[in-house]
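**Q** Whole structure, please, built from the sequences with the hints as guidance.
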Amino acid sequence: MSVWLALSPLLAMVATGLVAMLVDVLVRSPASDADTRGDLAIITTVGLFASAALALGLWGSGPSVALPESLGGVVAVDRFGLFFAATIGLGGGLSALIAGGYLAEHGIERGEYYPLIAFSCAGAALMAMATDLLVLFVGLETMSLAVYCLAGFRRGSRKSLEGALKYFLLGSFAAAFLLFGIALLYVLAASTRIAEISEALRGAAGSSPIAVLALVLLLTGLGFKISAVPFHMWTPDAYEGAPTPVTAFMSVVVKAAAFAALLRVLLVAFGGTALGASVGWPQIVAFFAVASMSVGNLVAIWQKNVKRMLAYSSIAHAGYVLVGVLAAWKGAPEGRAGVLFYLLSYTVMNIGAFACVAYFGRRDAEAVHTSDFAGVARQHPAAALALATFMVALTGMPPTAGFFAKLYVFRSAIDAGLWPLVVVAVLNSAVSAYYYLNLVVTMYMRSPEPGAPVAQPMRSGAIATAIVICALLVLHLGIWPSRLLSMALEAGW
Amino acid sequence: MIPHLLTALIAVPALGAIAILFCPRQTPRFLRYFAMAVSLATFGLSLYLLPGSLGRAGFRLEETVSWIPSLGIRYHVGVDGISMWLVLLTTLTTPIALLASWESIQSRLKEYLFSFLLLESAMIGTFLALDLFLFYVFWELMLIPMYLIIGVWGGGRRIYAAVKFFLYTMAGSLLMLAAILYLTSQYDTVAGKASFDYLDLTRLLLPPDTQLWLYLAFALAFAIKVPMWPLHTWLPDAHVEAPTAGSVILAAVLLKMGTYGFLRFAIPLFPNAAHTLGPTIGGLAIAGIILGALVAWRQPDAKKLVAYSSVSHMGFVMLGLMAMTTAGAVGAVLQMLNHGVATGALFLLVGVVYDRRHTRLIEEYGGIAKIMPAYAAVFAVIMLASIGLPGTGGFVGELMILLGTFSAWRAFEMPRLFALLAGTGVILGAVYMLSLYRRMFFGPVRNEANRTLGDLVGREAICLAPLVALVFVMGLYPRPVIARIEQDARQTIEDVRAKQRLGRDLTEARLLEPGELSRTGESIDLEVPAPPGVPGGGQ
Amino acid sequence: MITLGHYLVLSVAIFTVGTIGFVVRRNLLVVLMSIELQLNAVNLALVAANRFHPASHAGQVTAFFIIAIAAAEAAVGLAIVVSFFRLRHTVRTDEADRMRH
Amino acid sequence: MPGLNEISLRPGAPDQYWLLLPIVLLPALGALVNGLFGSRLKRDTIHTLACAMVFTSFALSVVAFLQLAALPHEARHLTYRAYEWFTVTLPAAFGSAQDYRIPIDVAFRLDPLAATMLLVVTGVGSLIHLYSTGYMAHDESPGRFFSYMNLFTFAMLVLVLGESLPVMFVGWEGVGLCSYLLIGFWFDKDENAKAGMKAFIVNRIGDLGFLVGIFLLALSLGVLSFPEMEQVAAHAPTQLTKPAFDLSFSLFGWDIAWRPAIATIAAICLFVGAAGKSAQLPLYVWLPDAMAGPTPVSALIHAATMVTAGVYMVARMHFLFVLTASGMAVVAVTGALTAVFAATIALTQNDIKKVLAYSTVSQLGYMFVAVGVGAHVTGVFHVVTHAFFKACLFLGAGSVIVAMHHRQDIREMGGLKALMPRTRWTFLAATLAIAGFPFTSGFFSKDAILWHALARDSGRYGILPPILLTLLLAGAALTAFYMFRLYFLVFGGESRADEDTLAHIKESPSSMTLPLVVLGALSIAAGLLNPEALHALGLNVPLTFEGWLAPGIEEGVPAVGIAEMRKPFELPLVGASSVIALAAMGFAWIWYRRGPSAEAERLAARVPGLYALVLDKWRIDELYEATIVRSLRWLARAGHEAIDKLLIDGIMVHGVAGAVNLTGRVVRLVQTGRVQVYAMAMALGTLGILYKLAVPSTDFEARVDGRSVTVNAAEGAGYEYRWDFDGDGRWDTQFGAERRAEHRYRKAGRHEVRLEVRNAFTRSVGEHEVVVRPGRRRR
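Chains as they are written, first to last, in this note's numbering: chain V, 9 to 501; chain H, 582 to 1120; chain X, 1039 to 1139; chain Z, 661 to 1439.
The set of hints was computed from the structure by calculation and includes no laboratory data.
Wrong hints could be hidden among the right ones.
The following residues of chain H were derived to be distant from chain V, with all beta-carbon distances above 10 Å [said to hold, decoys possible]:
| hint | residue |
| --- | --- |
| 1 | Thr-588 |
| 2 | Pro-609 |
| 3 | Ala-618 |
| 4 | Phe-640 |
| 5 | Phe-747 |
| 6 | Lys-774 |
| 7 | Gly-859 |
| 8 | Leu-1034 |
| 9 | Ala-1064 |
| 10 | Arg-1082 |
Below, a list of computed lysine to aspartate or glutamate pairs in the DMTMM-like style, where the Cα atoms sit at most 20 Å apart [said to hold, decoys possible]:
| hint | chain 1 | residue 1 | chain 2 | residue 2 |
| --- | --- | --- | --- | --- |
| 11 | H | Lys-774 | H | Glu-1089 |
| 12 | H | Lys-951 | Z | Glu-734 |
| 13 | H | Lys-774 | V | Glu-120 |
| 14 | Z | Lys-1305 | H | Asp-882 |
| 15 | V | Lys-167 | X | Glu-1133 |
| 16 | V | Lys-312 | X | Asp-1135 |
Glycine included, each C-beta is placed from N, C-alpha and C at the ideal position.
**A** This is the structure in structure tokens:
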């Protein structure tokens, strides 16, 4: 297979970005701003969906597509990578779709938005496919730099800039840790290839203090990206400040790519080494998991801002996924499949939730506070129903994707003997029900304060489409998860 | 016979609910009639469960479709003599509840009817599911519509009540989910194949200490739903705030989920743990019976009184189950039905005056027997059914439960004392019910507002008539019901006892071999000596 | 004889200085510089290690990449800082605390 | 042990005796029609319907009675089996491996005992229905009243005819319900409603005992229908004489053992039910309050029929009671104490119905003494005669009350004998009967009770007979006294009513007086059915009643016979009781013939405390209120306020929620919004991870197998381990990469195992205790 075809998902994302950029520069005429922007959103969405479709198209080519020697084994087009590429393409496409409506409504429709999204997706996909730590890092930076820009996309907004600033500073800080970890592994293994590092770590190098230090630094760097406690603190600020479509993008695409990297680094590079034994990284990840679930959920209860609440919830969800990572560490293929399936489910339900939040907001009247949603169920039943569905899914109740994803992760964790973590996780789920449902309560059971208007949804077909897609996928993954589940099970490296 | 009858039972209300979503909001009459038609059609369908239901223990009309093969999850439904009646109870009470809210629900009718039909579908599904995954899905699915019904169409503190209801139930069911996963994981290890199927999982024998934890998780979920003392405090709030129809469904069907869960899942899956914890749970049941009754007695709010009476009555059901005798189990199921009918009707009745006066405080009424004679008469009949007067359904159920408990020397060390204590619940039941009746209906008419109350109207009478009829049918000729319950309850209890013996000294999980249960021979538990005086044991 | 260990100790020291600088300094520009310091510590480790693993140039190549990425990062970072300054007329990090808890 | 299968328990389909069906169902039909359509029917129609149903039922009963009587002794029973009601499955009765099934049929059975009660219930019931048409002629809701009355008749017939204990229990609770409904018939008065409720609840307390009795019998006999139970009890009495439980313990060197037979416990449980229904100590408290109901109700339910159900039931279950001497003693003693106790209260009451109520309680006590000493025929005979004279008294009282415009205080009456002659004469007849005036019906039945109490089997009762006799004689004296006090205060002397009332007093209509006449005549004459006392006088009059009943309920019970040695006392006893009764009547005549008695007041004034106490009915109600009711109230409040609200909701539910909230609140404080803090958290997190990974873990697991211990330490990067198995501080092994080690202990017991682990960073030491048990090896 030609290298072009093999890398086509990645290349399609890059191409999408380029086309969007060119269209923005060349086709744009001052007179017809809005039209072009709408076109840009559609181009980006279609492009990213197409790349997801390409990733799925490559599925049939066996567990791993053979790549020419010239690429030197720095990337692998394996089903693991493809699954992530597809998830990222889906998530990126959906968030571009949301942006199509959102940016226009809020008057921040600048053309660079879409190329940034596409390039960020490409970086994320590269991260997921990288088998070389350098390439992984390049992917990560490509993704992150674009997101830093996107987070501060509302240049006139103090919150947006503040979020971007914090995200950027801490992101760079974390990247430095990651890099130093990579450098130390290079010191030990004389290579940045994951496979070679793994080989080296299985030998004497595995018990060197440098290896321990490298592991610590890598855990910090990757822990930051997945917003695991205690590296999570940027998350609420960045999520709250960023424009809603960007928040959606951050919460799913960036997180998915970071988990892909985490899985490869921990399971492949450190798998089977002494540092991968129970007192090595697994105990740290177990701590991350418990702390993330608990802190995320406990603090989310207190949030009045929906985006911030969803930020804490995303911290909690990272905790659930980490339970799956631990299950994967125990060797069951279901563990890794659980992580993959969870991330896919999380992508659709969280983007759906953000899409609904974005939907309920007119210019200068964004509905971000819980109280803004009072009584919307009466006025806008369909949108409220959709948001309620996503909340139910995030809670993890059947028949939604969130339920099955949790069930699958928990089951694989129990298979791996990790039932104490599962108990913690289910108790946390119960806590989370409180704040997710609080939004449902507000929408369905409360009336707006006297005099306060009920939040108005924007008239945006794009966002509505995104919501419908997400809702259908949430139900599909909840009711008929089999097909995607078997794909997740096949997604090896 | 109707093909795929069980699926149809689940699907018809669900499809009806979805159809309602696409109906225009501006035609409330049409929406109401449509929902009613759907629920009546479901009821009609459910009547087809009756033919062929007698004769053989075990599940009938099973349908199995592979669903999520990698986890061994199947769409597996089936009905037996126990679930059949509960399904019928569900399909009967739903149209009644819809009719009861015919006029009182005006706002957001579409959502209301949607919730109700969805709820019906989920309830039927819960009773029919024979796959633990499917069961859990329906179990949780029930939660949301009920939550909305309480929270959207409820009374003043409806949000508090709805959230409390939801979180209470959710906390319990999530631990049950963890236990289900653990159980299936064990099955996977032992059997070498994944399955969530009830019939597979009941073949799994677990060591007693493992059983204990899993049973506790299951029991927590079910006990909250029952609700067992001391996990009952959501119930009074939920009942008081829920609209009448919601209370009816809650009392008539939803609470039965808990006891059904014990009988269908918790006890057969973990027989040794059920045996070990039997006295404890039985003791809590008795605490519930007595304290529930006493607290009910002192309630100023009629609905709250009835809610607490549910705590007391459901304590009886739990006691019957914990006895682990056939009589106890049959009585428990029978009492579930009776309680469903009687308490459902009680909530309807409280709703009748609430619709007129918009207060549930007992002291607001008094002497209305003169003003509303027909209402008073129906109320009296239902009240008597509720306190288990012979000739009404409650009597047979309570008698069997008490007798089942009384004869259960296997389950308790002091079954007689338990039965006696529970028996005081019968007395206290009379105390609070009669005192409610006296305060509402007897005495002089103190409140002028009551003088103009109208008696039952046709719609209300139609709601109540089938329930009143059932009260008598269940009391005077319960044999057809009991016969069908008994064939399965007996089988269940016998299997449980056999599994108890096999699992007692187990140190590692193993599978039952086919036919192993029936080979275990005599059913007398020789380890616990029967006290003297009881036939079959002692001197 | 200078061993790899010496280089690494130096590298760790510089990285630590960068880290501490990031944590304690309130000026955005100094914070950016601290990040540069950290990255350069990494570069030092990589280049030094490559000397002791002469079979390939992976370390040096990585260092080049890092330099490029650091440049991009600085560009984005400065852009954000400039925007921030425009809006808030300050480059102090503790002024950016509108969102909390 | 003879198994059940040896006894033919369920004979093949018996000949259905259809006549029982209309007898039972006609009143139910009347109740249904009047209940559903009563408000739309004309008063006359209601009356006609209700009376017709009961009259027809009575007529059919007579037919049934005659047909029954035509049968030979051994075959005197007729059954109608309607359908199987339900089946109870009990575990493994009679040592059988299989679960045991008790089918319970809806079946009615007529035997001499039932037939006797049947005639009383339908006969007296008919009369009282007729009377009610007059008494309730102006009531607002006749439909409801007659519906209840018919319903009561129906329930009573189910009670009487029920073939098994559960069916009897249906009637048993059914009559309780009707009693509740009828006591509270005029429900717009709070106290009426309360009285009804009290009756129901106290009855329920008794019913619980009844139920427990049923349970015990079901478990020990495996059957619940009367003939079957009787057969099992006769063929396998050990099923009932086995101890129910064994309560033996040693206290201060005394060996205390209590192993009551099942029969004893079951009998006492059933008797608790009977005491509730028949208003015996300590459950009698509802009956006086029940007088709140309309007077015909008091006559029918609370005098003639329902309250005697307890006696009927004990007679019905005679085969059980005769197996337990102590059980019977409990019955007899309770009866005797109640007889006297209630009589004392009746002395002081001023409400005409209250006096009669307490006299009912007292007379019921006599009946229980009779059945308690095994003289079932006598007990039932007293039921019958009591039905006549007490119904007559109540109906007479009702007649008076109507005349007095619903005033019931006897101090306001007097002088009615001229104004209401028919009422007066019938009342007098009944009063004579209850007082035991020679050769009235009450004389014969009461005297027989006295005699049997003395004469029955001294071996079984020890010193009881003379005590019982003394109590009963005292009761008889009190009865004669207070009844004549009542009679004189109501009918004798001058009228004390106000002018207005006096002007309107007139004799009641014939619908009311006709029943009075019939019942009055029966009060006098019914004794001739079984004039045992005449035997003592040497007259050999046939004992029709005994001949009719005894074969069924006293035959085959050799344990309870007449003690021949007391035969000589029979005649003196007849004399003594007559003299006592006459003396008491005379005393009443002296004090009360002209109205309220100054002497009595003086006597009361000399013992004011005692008088007040008796007047206040010994304050038993208050005692119950202060103890049981109040503690229940307290418990209810505690259950709600302390447990539900505070403990469960407050601490458990809201406490958990609050803790969760509070934690969240504290944790979010860290989130200050400043980049440096965030970075610091990251740096600290990194250091924490580093620390955790750098310091080696000393976790290990130990498996004890016999005396050898296998330890398995956690795996870690570059870990090296060394062990000290005996905790003596010296390392038993050298540092090595091997994680496992094994050690064999010489001694069993607790041992401290220490592990030191080192890695590239540092080293750490951990301890762990292992317990080695000797001689136990794992499988």
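**Q** Look at each hint and say if it fits the structure.
**A** Here's how the hints hold up against the structure:
1. Thr-588: holds, 15 Å
2. Pro-609: holds, 15 Å
3. Ala-618: The claim holds: Ala-618/H sits with its nearest Cβ about 23 Å from chain V, beyond 10 Å.
4. Phe-640: holds, 23 Å
5. Phe-747: The claim is violated: Phe-747/H sits with its nearest Cβ about 6 Å from chain V, within 10 Å.
6. Lys-774: Holds, because the least Cβ-Cβ distance between Lys-774/H and chain V comes to about 13 Å, which exceeds 10 Å.
7. Gly-859: holds, 25 Å
8. Leu-1034: Fine: 31 Å to the nearest Cβ keeps Leu-1034/H off the interface.
9. Ala-1064: About 36 Å separates Ala-1064/H from the closest Cβ of chain V, which puts it past 10 Å; holds.
10. Arg-1082: At about 28 Å from chain V, Arg-1082/H clears the 10 Å cut-off, so the statement holds.
11. Lys-774/H <-> Glu-1089/H: holds, 17 Å
12. Lys-951/H <-> Glu-734/Z: This hinted pair is violated, its Cα atoms lying about 54 Å apart.
13. Lys-774/H <-> Glu-120/V: violated, 53 Å
14. Lys-1305/Z <-> Asp-882/H: holds, 16 Å
15. Lys-167/V <-> Glu-1133/X: holds, 12 Å
16. Lys-312/V <-> Asp-1135/X: holds, 17 Å
The structure fails to meet hints 5, 12, 13 from the earlier list, while all remaining hints are met.
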